[in-house]
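Chains A and B, in that order, give the protein sequences.
Going by our numbering, the first sequence opens with residue 87, and the numbers climb by one from there.
Going by our numbering, the second sequence opens with residue 87, and the numbers climb by one from there.
The reader is advised that the hints may include incorrect statements.
Identical chains blur together in the list; that is why a pair holds if it fits in one copy or across any two.
Lysine-lysine pairs mimicking PhoX-like chemistry, simulated, CA-CA at most 25 Å apart [unchecked claim]:
1) K709 / K301
2) K482 / K393
3) K277 / K359
4) K482 / K256
5) K301 / K393
6) K423 / K585
7) K277 / K658
8) K585 / K393
9) K359 / K482
Derived from the structure by calculation, the hints contain no laboratory data.
Take a look at the letters that make up each chain.
Protein chains: 2
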Amino acid sequence: MKHNYLNNTPPEAAREVFLNAARENVFQYTNESVPAPQALGRTLSRAVYSALSSPHYNASAMDGIAVAAEVTFGAGERTPVALTPAQYTPVDTGDPLPEGADAVVMVEDVIDDEAGNVTLRAAVAPWQNVRQVGEDICMGDMIAPTGTVVTPALIGAFLAGGVAQVEVMKRPLFGIIPTGDEIVPPTAAPKKGEIIEFNSAVFSAMLAGWGAETKVYGIVKDKKELLAAALDTALAECDAVLLLAGSSAGRDDYTAEVVASRGQTLIHGVGIKPGKPAVLGTAAGKPVAGLPGYPVSAIVVMEEFIKPLVDLYYRRTPAPAETVEAVLGKRLVSSLKYKEYVRVSLGAVGGAYACAPLAGGAGVITSLTKADGILEIPQNSEGLSAGTRVQVRLLKSEDEIARSLIVTGSHDPILDELADLAQREGCGFRLKSSHVGSMGAVTAVKSGQAHMGAIHLLDGATGTYNEHILKTYFPEGGAVLKKGVRRVQGFMVPKGNPKHIETLADLTRVRFVNRQRGAGTRVLLDHLLQKNGIAPAQLNGYANEKFTHTAVAATVAAGNADAGLGIYSAAKMYGLDFIPLCDEEYDFLVAAAYAGHPYVQAFFRLLHSEAFKARIKEMGGYKLPED
Amino acid sequence: MKHNYLNNTPPEAAREVFLNAARENVFQYTNESVPAPQALGRTLSRAVYSALSSPHYNASAMDGIAVAAEVTFGAGERTPVALTPAQYTPVDTGDPLPEGADAVVMVEDVIDDEAGNVTLRAAVAPWQNVRQVGEDICMGDMIAPTGTVVTPALIGAFLAGGVAQVEVMKRPLFGIIPTGDEIVPPTAAPKKGEIIEFNSAVFSAMLAGWGAETKVYGIVKDKKELLAAALDTALAECDAVLLLAGSSAGRDDYTAEVVASRGQTLIHGVGIKPGKPAVLGTAAGKPVAGLPGYPVSAIVVMEEFIKPLVDLYYRRTPAPAETVEAVLGKRLVSSLKYKEYVRVSLGAVGGAYACAPLAGGAGVITSLTKADGILEIPQNSEGLSAGTRVQVRLLKSEDEIARSLIVTGSHDPILDELADLAQREGCGFRLKSSHVGSMGAVTAVKSGQAHMGAIHLLDGATGTYNEHILKTYFPEGGAVLKKGVRRVQGFMVPKGNPKHIETLADLTRVRFVNRQRGAGTRVLLDHLLQKNGIAPAQLNGYANEKFTHTAVAATVAAGNADAGLGIYSAAKMYGLDFIPLCDEEYDFLVAAAYAGHPYVQAFFRLLHSEAFKARIKEMGGYKLPED
């Protein structure tokens with residue numbers, strides 16, 4: 087079995103080698119002429135000079151009468167000056183001064199009679215109330231230098247200065263070639279083994295944001311000749327080329343080889359995680375990069391190497407990334423070999439930012455869409471201990487992060503529905519939920535990391551839900567319990583219940599899929615197992631843990647397990663059969679300090695809204711306590 | 087003469103009235119379906135749910151061999167397990183697991199022989215190195231709620247989740263109707279009295295930035311019926327309408343009347359400066375605004391009333407404006423009647439921001455393009471004294487402001503050329519020059535408000551330039567003098583010199599145009615007048631002050647004066663005749679603390695570059711000291 091080892095070049099060194107090669111090959115903007123009104127956001131490639139003074143004639147700055155200033159000299163309260171119609175001209179703001187006039191008297195200061203004569207009780211100086219030629223812009227003045235990014239006001243200045251067309255930096259064109267035998271274009275019904283190709287859309291959007299254009303080529307199969315031919319075509323048509331996937335060292339990964347055959351593979355393998363198997367090189371005098379197939383890896387490589395390449399093209403100094411200081415919530419272990427990019431969630435419950443690493447590997451793109459920021463751990467670091475003050479690079483604005491209601495704890499799809507309702511109703515906050523299980527909710531509320539927690543914890547002794555948590559964990563106060571929904575828990579099994587699951591004991595003879603430690607559903611399972619005298623080890627799949635009800639349902643639906651425990655709405659969503667076990671109470675533990683907070687109040691208003699009732703009715707398996 | 091007085095509604099009250107009317111008329115987004123890859127930057131109008139799990143099959147997470155985990159149980163360093171080809175399948179990352187397999191052994195851990203048998207020295211657990219169905223996204227999970235602005239990564243999540251089309255908020259369409267008898271479309275050759283209509287392009291660009299589309303109608307003459315007809319058309323086609331100019335109370339200003347005839351004029355006149363003559367109302371159930379003609383006034387009205395209207399349409403909470411604290415450099419007088427918006431320049435020479443109000447009235451759009459920020463002075467304030475700590479709303483990024491080389495003082499077009507060269511050469515800073523005259527440069531360098539000053543000050547006693555400034559104003563050091571250029575000063579007169587200006591005495595019989603107090607050229611004039619025994623009062627136009635050489639040239643070229651004093655390059659630009667008077671030395675006074683600063687060093691490198699020499703050769707009238 088062929089296996090190539092990759093290099094592990096430090097990212098800074100890899101970037102320098104790649105950018106130097108691009109610089110040597112004069113990877114730089116050319117000029118493009120565009121109409122001024124269409125230049126918004128573009129970067130000037132040449133200084134713009136005014137072709138016209140503005141105003142280009144002496145214009146009245148007021149509504150009033152235009153006069154030769156000298157005829158008003160001497161006018162005063164006790165020495166009014168009378169002017170005949172021949173001595174003045176009525177003008178509006180913007181009107182040209184007639185021949186011989188060099189001043190304007192404001193309409194408020196003019197007393198006119200029926201014959202058209204006017205009386206003035208104050209004199210005007212030459213050029214008073216007149217916008218002289220060039221007051222705003224003088225012909226020949228530089229309106230903006232090279233490198234200026236065009237704003238709306240600048241468009242106005244160009245047109246006012248008689249400049250209809252401006253020279254801007256042509257956007258670089260990046261060719262994008264997706265590769266891979268298993269890759270198919272986006273579809274709602276991919277076959278087994280077919281992977282939807284979405285990276286080209288992601289990178290096109292990223293490049294658009296950086297000011298580049300893209301041409302996406304058809305998917306190329308894993309054949310060296312085909313890849314080489316596609317690269318040749320793209321090199322002929324584009325300013326730079328990105329080859330997607332095929333940058334690792336698997337047996338079908340030809341990128342590095344093909345780039346070398348057309349130019350030079352400068353770097354193969356970078357000391358970053360995710361993103362290690364990147365290829366950086368040049369071919370036909372143009373920059374070429376091979377990006378890893380996992381989306382998060384590839385996005386990191388885009389940020390680290392392709393954004394600086396676009397900045398180089400524009401010869402611009404990028405603004406430093408916006409960062410905030412945060413306190414790391416849990417220990418992070420890191421490899422000495424890699425600079426690591428950890429996607430994190432930021433919470434600002436008490437004022438200081440708390441930083442929580444998000445789960446999910448390099449293939450989990452939703453770990454990026456949910457992230458508030460990126461925590462970078464340098465190469466040669468073994469990691470960071472909990473409580474460390476860290477700098478987090480922001481992916482969302484501080485304002486958006488500040489306007490968050492943080493609800494952590496047990497997973498239920500109703501949290502997403504409430505998040506959506508909060509947006510629809512324009513509540514002004516985003517509801518941010520994270521799935522750490524009911525016990526995680528207790529910890530988070532206690533340590534001030536969440537405004538509220540979602541819990542469904544059975545008190546085995548009394549058979550009641552959640553009330554005991556206040557006594558056990560908040561004996562001195564600090565939290566209040568607010569009722570949420572009643573929901574039904576049960577077994578999710580394939581349609582028709584082929585394995586005839588009826589009772590807990592039936593689970594011992596099938597493949598089970600479990601929830602993670604700390605989840606209320608896991609607590610319920612363990613309670614029921616104990617009550618029925620079944621040891622966890624008797625369940626095949628007890629260790630196969632999922633973080634959400636839908637993940638359990640998806641696992642059963644995929645045939646990876648024969649049964650799971652979860653809520654009705656998830657089973658319904660996947661067309662599974664559902665064997666009800668018990669009703670439970672899914673409630674909210676609210677940090678006392680935030681019980682009166684407007685976001686919390688709005689949350690419970692939404693929970694009892696007609697819109698929410700309609701949604702849970704459609705989802706099925708829920709009741710509000712008052713129903 | 088007809089004269090309507092406007093109201094003076096406080097801006098907050100005016101905004102509330104206007105937005106409430108829009109709210110009552112349900113000014114709100116509708117849905118539009120767009121392909122996911124084209125949704126970048128759009129706002130979701132409905133929550134997006136995954137249509138597909140990702141991965142949608144059990145996929146190998148590694149290159150290696152797929153096995154049933156149980157066949158590896160017991161494998162260890164001393165107890166290797168051998169597998170026949172029938173017991174494993176080679177897989178690459180992303181490949182589906184074959185029937186019966188539930189784990190993958192990494193290629194690094196596989197020892198293979200020529201017959202195709204493999205040996206393992208470690209066991210794998212079920213689902214190890216496998217991306218199980220739904221690991222990233224589970225079918226039915228909410229990928230993003232309503233109101234989310236689509237990012238590149240989110241596009242990836244949509245496509246990975248099998249969602250090809252998403253529902254976004256349709257952009258509102260704003261009709262823009264420019265009005266006015268004197269208004270003409272952008273042209274390089276407007277006639278006298280014709281004003282170039284550029285506001286529609288400025289507002290279209292502003293609205294594009296806020297997420298709205300625009301339809302710009304043809305220019306409408308100042309006739310009530312025509313304006314009413316244009317408004318009717320726009321109301322039928324658009325979601326909201328902006329009428330440009332015609333919102334003041336001049337005799338041709340029908341906006342308020344026409345809006346009232348089609349609906350309701352809610353506000354006519356707002357207590358803001360600039361921007362007072364705004365009209366706000368509704369017609370045919372749609373928001374309508376009349377914007378003042380002066381561009382800066384209109385931009386203020388757009389920011390204060392139209393941006394909140396677009397935010398309302400999207401039901402979004404705008405992020406608070408970014409502000410910085412700065413120290414006001416000079417006293418600002420403000421009217422009690424208006425909330426004032428002062429365009430300011432920000433300098434960060436010593437660390438703290440210094441804030442300098444920019445010259446220019448509401449008609450001067452370049453006062454906005456040059457501004458770094460806006461200082462708001464509340465209604466009911468008489469103004470602010472010099473040294474006050476103020477909050478400035480940023481128009482440019484803090485990073486851009488920080489990367490500035492501040493050169494203040496005497497005006498010369500070469501400063502703009504050097505600014506352009508600095509950008510072209512990618513020096514990493516912007517050269518920011520302001521024209522406060524040579525004496526202003528001395529003050530600015532002394533008080534730490536500029537890195538360097540541009541001066542040309544004649545020492546009457548010795549006939550030398552600039553050297554005496556160090557002795558007089560910096561006796562204890564604090565500044566160094568660096569040579570700049572030699573340039574020729576002289577009289578600028580119309581082509582053919584019709585008034586036969588030859589000597590200083592000739593100025594007493596023509597109309598003169600002067601430079602502002604503190605300008606080196608003004609100092610030169612005063613010196614020459616005194617030497618020749620001519621009193622300033624003998625010069626007709628001595629009080630007509632301009633701030634730049636080009637403004638003097640433009641004034642002479644326009645026939646507003648018969649002669650001015652200035653540099654050759656400005657006269658040449660305007661095709662004027664030039665009567666040389668003397669050579670002078672235009673030098674740079676560098677704050678000692680910044681003499682070694684990389685930006686300052688780069689500046690003098692540019693000053694002696696071949697590119698700069700080529701430019702001054704083309705401009706004419708300059709010499710470098712070494713030439």
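These are the hints, each one checked on the structure:
With identical chains, the CA atoms of K709 and K301 are never at most 25 Å apart, being 52 Å at best within one copy and 50 Å at best between copies. Taking the shortest Cα distances, K482 and K393 sit within 25 Å of each other both inside one copy (18 Å) and across copies (22 Å). Taking CA atoms no more than 25 Å apart as the test, K277 paired with K359 passes in neither setting, with 30 Å inside one copy and 64 Å between copies. In this homomeric assembly, K482 and K256 come within 25 Å of each other (Cα to Cα) only across copies, at 23 Å, whereas the closest approach inside a single copy is 29 Å.
With identical chains, the CA atoms of K301 and K393 are at most 25 Å apart within one copy only, with a shortest distance of 17 Å there and 35 Å across copies. Neither within a single protomer nor between protomers do K423 and K585 lie at most 25 Å apart by alpha-carbon distance, with minima of 48 Å and 82 Å respectively. Proximity of K277 and K658 under a CA criterion of 25 Å is satisfied intra-copy only: 23 Å inside one chain copy versus 74 Å between copies. With identical chains, the CA atoms of K585 and K393 are never at most 25 Å apart, being 54 Å at best within one copy and 61 Å at best between copies.
Within a single copy, K359 and K482 get their C-alpha atoms as close as 22 Å, which meets the 25 Å cut-off; across copies the closest is 35 Å, which misses it.
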